[in-house]
Amino acid sequence: MPDLARPERSLEPPPDDVPAVALRHLSKSYGRLEAVRDVSLDVRRGEVFGFLGLNGAGKTTTLRMLLDLLRPSAGSAALFGFDCQREGRRARAFVGYLPGELGLYPDLSGEAHLGVLARLSSALVNPTYRGELLERLELAPADLRRRVRDYSSGMKRKLGIIQALQADPPLLLLDEPTEGLDPLVQRALNDLLFELRRRGRTVFMSSHMLSEVERVCDRIAVLRQGEIVLLATVAEVRRRGGRTVCVHLARETDPIVLPPGMTFIERGPARWQIRLAGDVGALLPILANLPVRDLEIVEPALEDVLQSFYRKEPA
Amino acid sequence: MILLAHSLRRQRVLFIAACVLLFAFQILLILVARGLEWSGGFIELGNLFPAFLQELTNLAMMSFGGMVSFAYTHPVVLVFLIAMAIGIGTEPAGEIEAKFVDLALARPLPRRSAINRSIALLLVATGAALGSMLLGTWSGLLLLAPASVPGPAPRVILSLAANLALAVLAWGAIALTLGSLARRRAAAAGTTGLLALAMFILDYVGRLWEPARGVSRLSPFHYFSPFPLIGGAPLPGRDVVTLAVIFLAGCVAAHVVYARRDL
Numbered sequence: 342m343p344d345l346a347r348p349e350r351s352l353e354p355p356p357d358d359v360p361a362v363a364l365r366h367l368s369k370s371y372g373r374l375e376a377v378r379d380v381s382l383d384v385r386r387g388e389v390f391g392f393l394g395l396n397g398a399g400k401t402t403t404l405r406m407l408l409d410l411l412r413p414s415a416g417s418a419a420l421f422g423f424d425c426q427r428e429g430r431r432a433r434a435f436v437g438y439l440p441g442e443l444g445l446y447p448d449l450s451g452e453a454h455l456g457v458l459a460r461l462s463s464a465l466v467n468p469t470y471r472g473e474l475l476e477r478l479e480l481a482p483a484d485l486r487r488r489v490r491d492y493s494s495g496m497k498r499k500l501g502i503i504q505a506l507q508a509d510p511p512l513l514l515l516d517e518p519t520e521g522l523d524p525l526v527q528r529a530l531n532d533l534l535f536e537l538r539r540r541g542r543t544v545f546m547s548s549h550m551l552s553e554v555e556r557v558c559d560r561i562a563v564l565r566q567g568e569i570v571l572l573a574t575v576a577e578v579r580r581r582g583g584r585t586v587c588v589h590l591a592r593e594t595d596p597i598v599l600p601p602g603m604t605f606i607e608r609g610p611a612r613w614q615i616r617l618a619g620d621v622g623a624l625l626p627i628l629a630n631l632p633v634r635d636l637e638i639v640e641p642a643l644e645d646v647l648q649s650f651y652r653k654e655p656a
Numbered sequence: 312m313i314l315l316a317h318s319l320r321r322q323r324v325l326f327i328a329a330c331v332l333l334f335a336f337q338i339l340l341i342l343v344a345r346g347l348e349w350s351g352g353f354i355e356l357g358n359l360f361p362a363f364l365q366e367l368t369n370l371a372m373m374s375f376g377g378m379v380s381f382a383y384t385h386p387v388v389l390v391f392l393i394a395m396a397i398g399i400g401t402e403p404a405g406e407i408e409a410k411f412v413d414l415a416l417a418r419p420l421p422r423r424s425a426i427n428r429s430i431a432l433l434l435v436a437t438g439a440a441l442g443s444m445l446l447g448t449w450s451g452l453l454l455l456a457p458a459s460v461p462g463p464a465p466r467v468i469l470s471l472a473a474n475l476a477l478a479v480l481a482w483g484a485i486a487l488t489l490g491s492l493a494r495r496r497a498a499a500a501g502t503t504g505l506l507a508l509a510m511f512i513l514d515y516v517g518r519l520w521e522p523a524r525g526v527s528r529l530s531p532f533h534y535f536s537p538f539p540l541i542g543g544a545p546l547p548g549r550d551v552v553t554l555a556v557i558f559l560a561g562c563v564a565a566h567v568v569y570a571r572r573d574l
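Chains as they are written, first to last, in the numbering used here: chain A, 342 to 656; chain B, 312 to 574.
Because the hints were derived from the structure by calculation, they are not lab data. A hint or two may mislead.
Using C-beta positions, here's what the derived DEER-type ranges look like [what the hints assert, rightly or not]:
1) A:D379 x B:R320: 53 to 59 Å
2) B:L434 x A:Y371: 32 to 38 Å
3) A:T574 x B:P421: 36 to 42 Å
4) A:G456 x B:G442: 27 to 33 Å
5) A:Q648 x B:R571: 37 to 43 Å
6) B:G442 x A:G387: 51 to 57 Å
7) A:R487 x B:P421: 38 to 44 Å
8) B:S459 x A:E452: 28 to 34 Å
9) A:Y651 x B:R320: 43 to 49 Å
10) A:R386 x B:V390: 54 to 60 Å
11) A:Q648 x B:A509: 39 to 45 Å
12) B:V435 x A:Q648: 54 to 60 Å
13) B:A509 x A:G456: 49 to 55 Å
Stretches of chain A that chain B covers, calculated by requiring three or more beta carbons in the stretch to come under 8 Å of a beta carbon on chain B [to be verified]:
14) 406-413
15) 435-449
16) 455-462
These numbers were taken from a predicted model, which means no experiment stands behind them. No residue lacks a Cβ here, since even glycine has one placed at the ideal position from N, Cα and C.
The following block holds chain A by itself, in its conformation from the complex (with noise of 0.2 Å):
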């Protein structure tokens, strides 16, 4: 796939060593309810970051926050090191911002919202790079002149993600970006995020598909009810739900005692499933006497790991 090509004038963030997104302690409470609780990370330039959590967790009243559309309760956000209440003009001069839900003109064309929306920006667009996301994406300049009253659901997204990435800014507040768009799509828009990530350009992101978040992200914020209880890269987590190793066996075979950070999930005749912590170096020893047949190790899914930050404390 070929790049994309650059727009005519891009927005480039501060030179400065500073994150481009910094909360810090950031709270927002409604009455008794705390929406978002002592929330505090820093979001690398050039890093794809997920931000992820149930319906209600906090994720989009974090993420407009950013933008100064809500006012925190406690603690402050920046972006690119500016303040995102007191100097909410410049910090938000760098992002490109898809909202969970459209606020999209039922009267209004495809068109004539990426035009308003492109002068609002403080970057120039420029039509070869906004035609290129138009192909990618595969919303066909035809559809882009009828109006949005006669649009689906996944081509209102599609227009949405459009509006967010015309102005190729530095970085990208994206809530929910795959929400309603087909598998090709999701595709095609994976591919743009690590186009996106190779130029430098900065991703935060919220998301429910866990697939999606697996596949792009560098690092992930998990947040329940409000408060941040797992942060780390995809990787890290990945080692946190340990690898699974099935053994498949010639003939029935004698239960053996297992180093320790490993344990049976199965132990069948001639079939074991034993869950390990760390490498497996430390079990081929103990294989190598017995009649093993074949071997299998199976990366956790992020998914597995991830439910039980989802729900209750972790481990």
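Based on these hints, arrange chain B on the given structure of chain A.
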């Protein structure tokens, strides 16, 4: 400016239709006044008025010039223009409700731009509406007025138009304040509409019933007194200042409320 152009573009059909209707209404009223003038129907019509209305209006519009001027105080025109001002003033609430605010204000725009846009739109729309009315009156008088009958003095028409424009702007600013507070446009528009109706009744009662006269000063309609103007009285400076202050106070309140709230 971009937001203003966007709002104007979205509502251009509505605005053009409103201007055409107001223009046509002036022409229609001049045709009716001409017909009554030719048939001598003004005296008969005046006698049909109940006593309290005769007292309230001094039968100021019972002449060709008076009836032409009446267009600037006609209840249909007043309701139409105030409804338009409420529609414009509640646009910030509409944008929050429709979530367009998330797309617009996620860009490097100050929050005040949404309110400034609505104020500018209010001024443009009121100016265009009153401009169409004045154009209708002028062209109607030029083309349709009976030759021997004097039309209303230009000073009277301009005073009426100014008083009406200020009343509309005042209600627009009240709607803007409520529209900056609300999350639902219908709630803001409904509240402003009910408030306008209550204030209209209060003013009406104050004009007819002496004990309520003091309280009726709270109504913005108290400062919209077209009948003395039709009779030739100058536009009172107190009315101009009060309506202008209501407009400015509404704009400032809208800015303050919108700047502090969650969107």
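Tested hints:
no. : hint                        : in the structure
1   : A:D379 x B:R320: 53 to 59 Å : violated (44 Å)
2   : B:L434 x A:Y371: 32 to 38 Å : holds (36 Å)
3   : A:T574 x B:P421: 36 to 42 Å : holds (38 Å)
4   : A:G456 x B:G442: 27 to 33 Å : holds (29 Å)
5   : A:Q648 x B:R571: 37 to 43 Å : holds (41 Å)
6   : B:G442 x A:G387: 51 to 57 Å : holds (55 Å)
7   : A:R487 x B:P421: 38 to 44 Å : violated (33 Å)
8   : B:S459 x A:E452: 28 to 34 Å : violated (58 Å)
9   : A:Y651 x B:R320: 43 to 49 Å : holds (45 Å)
10  : A:R386 x B:V390: 54 to 60 Å : holds (57 Å)
11  : A:Q648 x B:A509: 39 to 45 Å : violated (57 Å)
12  : B:V435 x A:Q648: 54 to 60 Å : holds (56 Å)
13  : B:A509 x A:G456: 49 to 55 Å : violated (43 Å)
14  : 406-413                     : holds (count 5)
15  : 435-449                     : holds (count 10)
16  : 455-462                     : holds (count 5)
Hints 1, 7, 8, 11, 13 from the list above are not met by this structure, while the remaining hints are.
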